[in-house]
Amino acid sequence: AQSVSQHNHHVILSEAASLELGCNYSYGGTVNLFWYVQYPGQHLQLLLKYFSGDPLVKGIKGFEAEFIKSKFSFNLRKPSVQWSDTAEYFCAVYPNTDKLIFGTGTRLQVFP
Amino acid sequence: EAGVAQSPRYKIIEKRQSVAFWCNPISGHATLYWYQQILGQGPKLLIQFQNNGVVDDSQLPKDRFSAERLKGVDSTLKIQPAKLEDSAVYLCASSSNLGDTDTQYFGPGTRLTVL
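Those protein sequences? They're chains A and B, same order as listed.
Take the first sequence: its letter number 70 is residue 178 in the numbering used here, and every next letter is one higher.
Take the second sequence: its letter number 12 is residue 19 in the numbering used here, and every next letter is one higher.
No lab work stands behind these hints: they were computed from the structure.
Errors might be hidden in some of the hints.
[To be verified] Distance windows between CB atoms, simulated:
(1) Ala-109(A) with Leu-91(B): 21 to 29 Å
(2) Ala-109(A) with Gln-87(B): 27 to 35 Å
(3) Lys-78(B) with Phe-219(A): 28 to 36 Å
(4) Val-119(A) with Ile-45(B): 16 to 24 Å
(5) Leu-122(B) with Phe-159(A): 37 to 45 Å
(6) Gly-149(A) with Ala-9(B): 14 to 22 Å
(7) Asn-104(B) with Gly-161(A): 18 to 26 Å
(8) Trp-29(B) with Phe-159(A): 25 to 33 Å
(9) Asn-204(A) with Lys-51(B): 13 to 21 Å
(10) Ser-160(A) with Val-62(B): 22 to 30 Å
(11) Gln-190(A) with Gln-87(B): 43 to 51 Å
Note that the Cβ used here is the ideal one computed from N, Cα and C, for glycine as well.
Required output: the full structure, derived from the provided sequences and hints.
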């Protein structure tokens, strides 16, 4: 069965630190890839997505993610985090003709 | 553009009771999804509708869960009878059938507590 792994369950950073959240998936075919964010008390929002083309995709609020097909990875990065980035981040994979599969999420806490 | 609407936002019931959740997708979105998100886990698809037809309900516990989308717009998800392990957030999402059909837009969810 297809699966999505987010190895960092809880990340704590100070403001201005760099962020990288890992995401690996198990599916050998064509996939669409997503990062969703859930701010405290809010609903899931799309942060960025990759369907095809340039494997480095840029999303909202300075986030970017790189698709490395050979590593089945789609890691999320931000060079300098802010307190307002405190949220839960979900990686999701859409295998071709199948259903959207979410990882277990990474809780990010940013301290001033 | 209005987002996905869900109600109620919170519900507390006792086990063996029944409960229903309502979802109104983004206007014009043909595809509607119901997800279950248990604490500490990512959302898991329960059922997917395309207009008023079921596309995928392979992960819906059909002995107690049911869902309908009679007119191809809003949808209800019902649990009868509820069990303790049904405590979760129930998310509704929708996507367009034009252009970017794979991006799903989520509602605020209904947090269900079963005592």
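Outcome of the hint check:
1. Distance hint check: the CB atoms of Ala-109(A) and Leu-91(B) are about 26 Å apart, consistent with the given range 21 to 29 Å.
2. A hinted range of 27 to 35 Å holds for the C-beta pair Ala-109(A) and Gln-87(B), which are about 29 Å apart.
3. Restraint check, Lys-78(B) to Phe-219(A): a C-beta distance of roughly 49 Å breaks the suggested window 28 to 36 Å.
4. Separated by about 21 Å at the C-beta atoms, Val-119(A) and Ile-45(B) satisfy the suggested range of 16 to 24 Å.
5. Our hint of 37 to 45 Å for Leu-122(B) and Phe-159(A) holds, since their Cβ atoms are close to 43 Å apart.
6. For the pair Gly-149(A) and Ala-9(B), the supplied restraint of 14 to 22 Å holds, since their beta-carbon distance comes to about 19 Å.
7. Between Asn-104(B) and Gly-161(A) the CB atoms are about 23 Å apart, so this pair conforms to the stated range of 18 to 26 Å.
8. The supplied range of 25 to 33 Å is met by Trp-29(B) and Phe-159(A), whose beta-carbon atoms lie about 32 Å from each other.
9. Separated by about 20 Å at the C-beta atoms, Asn-204(A) and Lys-51(B) satisfy the suggested range of 13 to 21 Å.
10. As the Cβ distance of Ser-160(A) to Val-62(B) is approximately 23 Å, the hint placing it in 22 to 30 Å holds.
11. Between Gln-190(A) and Gln-87(B) the CB atoms are about 45 Å apart, so this pair conforms to the stated range of 43 to 51 Å.
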